[in-house]
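Peer 1: Top line first, the protein sequences correspond to chains A and B.
With this note's numbering, the residue at position 271 of the first sequence is 271, and numbering never jumps.
With this note's numbering, the residue at position 216 of the second sequence is 216, and numbering never jumps.
If you are wondering where the hints come from, they were derived from the structure by calculation, not from laboratory data.
Just to be clear, a hint being listed does not mean it is correct.
Since copy identity is lost for identical chains, a pair holds within one copy or between any two.
To be verified - In silico SDA-like links for lysine to any residue, alpha-carbon gap of 25 Å or less:
#1 56 x 97
#2 56 x 145
#3 56 x 14
#4 56 x 146
If you want the building blocks of each chain, they are given just below.
There are 2 protein chains.
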Amino acid sequence: MVSCHSISETYDVDVHLLRTFVTVASLGSFSAAATELGYTQAAVSQQIAALENDLKVQLLTRRPVVPTEAGARLLEHAEPLLLRLDAARADVVRLTSTPPATLTVGVTPLAGAIPAFPAAIAALRNRMPRLDITVKSGTRQRIATAVARGDLDIALLDGLVAPGDSLPEQAPLTAIGIAETPVAVVLPRDHPLATRPALRLTDLADARWIEAQDVAPSLAEIRRLSGAEGFRSALGYQGTDTQTLIALATAGHGLTLLPATAIPEGVTAIAVTTPRLAHRVELLHGTLRKASAPAALAAMLG
Amino acid sequence: MVSCHSISETYDVDVHLLRTFVTVASLGSFSAAATELGYTQAAVSQQIAALENDLKVQLLTRRPVVPTEAGARLLEHAEPLLLRLDAARADVVRLTSTPPATLTVGVTPLAGAIPAFPAAIAALRNRMPRLDITVKSGTRQRIATAVARGDLDIALLDGLVAPGDSLPEQAPLTAIGIAETPVAVVLPRDHPLATRPALRLTDLADARWIEAQDVAPSLAEIRRLSGAEGFRSALGYQGTDTQTLIALATAGHGLTLLPATAIPEGVTAIAVTTPRLAHRVELLHGTLRKASAPAALAAMLG
DNA sequence: GATGATTACGGACGCCGTAAGCATA
DNA sequence: TATGCTTACGGCGTCCGTAATCATC
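Based on the provided sequences and hints, a complete structural model is requested.
Peer 2: Next up, the structure:
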């Protein structure tokens, strides 16, 4: 029983359009994406329209600009795809260009805060004193693309996962688990639950939270991992300083979820036991074949 | 110690160029790729030139047309990337279009030859008599892209691996191991080694082989897995019929490596013991979330 | 009424096909 | 000499920017 379908001559999705789509989705705004990418507002609008036209689906709701179901599905493909596109170029040019004398290391704020990190850098400088090392901090997204593009040789990323799980796969990049620590919720001292020894995340679904996208797990991620609605944002915090964030939480502006190791003594914080969650740090690098320095760093961290 | 690199404003590699690059590399010819893709010879030449220009590396040698080291590296990225590009479109449109009433199953020739396959199809038809099933056969490459594009709902692929390993990752597609069988070399009856109970692959490096790309593992793959040079081709065979291939091998036109289960009684064939190799069959499918029929099929095969 | 997405239109650039050139077996 | 890759050039389509329009808060 063999039938011959009409051969669908569907042609390549334009990655240019995917790039702006991802940017628009992540910024939640056409105009913001336009300035980010150096386009005009109209161009971005045309590009999204073209993409939606091509796929015959609406990808974003407007006002507010949020991915539809189809858009969310597309994002799952587009992000690793663009990462690999960058990695492809970087990986090929790395073959010809002479390896630079400086090792550039990326870190997300909470990953750089683990004790092993400065120790490993110190050990590395000790062992290879002639190696010039540069450390750059940034968000997970930026760091991942920088590693893919070859702007960073190696990076430490952090994220919230079920214990034993890895961080979401960064398509062509390889990741090595470095550390896993329990997580805790920072509460104001007089919070009704502050005396509990431990608590379930869902008990706090109705509380007010701080949306601190650059440091703490996003509320959307918390919703996904806890499997519950709620976790509404009472305050946005843009920045990477955990001290400030903890101060805000302690003062009652909202709750925040942090790795236990990042919370100083004296701060009211309760461990989260359900669901089982861990703050995980991973070492990320591109497809360097003879990865000498990265391997050394991994050994020190591991 | 923070330094600010010159921000490399590298822009996206054109996937259009990647597509033709992959085609040229796999066909080993500009003109053949041109006809395959519906371009003119000149256009393909320009595209490859543009890509090499963009990356500032020669990607292919000419005459013969073979990937350079940089080209090979680029291929490693380009193939899964293009697969994912197809999968992205297919995955999004699948959300809107109503699921077709017919299940389309792909198989590579040797995967379809395992006993479990026709049995599973039979069981599936029995259990879901109203489901229309179509089976299509093809090469691994074609089948993988068809699954990615959604032209196939599910597929069985086969390949040669070290026992326990999976087939090379098909980027966004998920694979489930189905079966693993030992491999054997088909020899002419009067071959000096025909009386051995078992043999090392490297003992046959100097022999003449049949390059049967569509059925058996390619000689390049055999070289890679055995870690030895040699395995020169005495005869090319294009086709998927193992009987013909075995007849050629038995008649002394060259050796060929096949899964033991695909070799009938009476044919002179010696098991390969070193290196440890297995013929592996995997079930491949796209990112169908509620994969009812595929799941059922997997269960039957597993 | 202001912010922000969409539509209209014109110019520039890119890309492919035709055709001529050139190297290698 | 023939096959097959490369270079030259012209036309067509695509895509972005400017500018005007429309919708929503």
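Peer 1: Look at each hint and say if it fits the structure.
Peer 2: For each hint, the structure was consulted:
1. With identical chains, the CA atoms of residue 56 and residue 97 are at most 25 Å apart between copies only, with a shortest distance of 10 Å across copies and 43 Å within one.
2. Proximity of residue 56 to residue 145 under the C-alpha cut-off of 25 Å is restricted to the inter-copy arrangement: shortest distance 21 Å between copies versus 29 Å within a copy.
3. Taking the closest pair of Cα atoms, residue 56 and residue 14 come within 25 Å of each other both inside a single copy (14 Å) and across two copies (23 Å).
4. For a Cα distance limit of 25 Å, the shortest separation of residue 56 from residue 146 across copies, 20 Å, qualifies, whereas the shortest one inside one copy, 33 Å, does not.
When each numbered hint is compared with the structure, no violation occurs for any of them.
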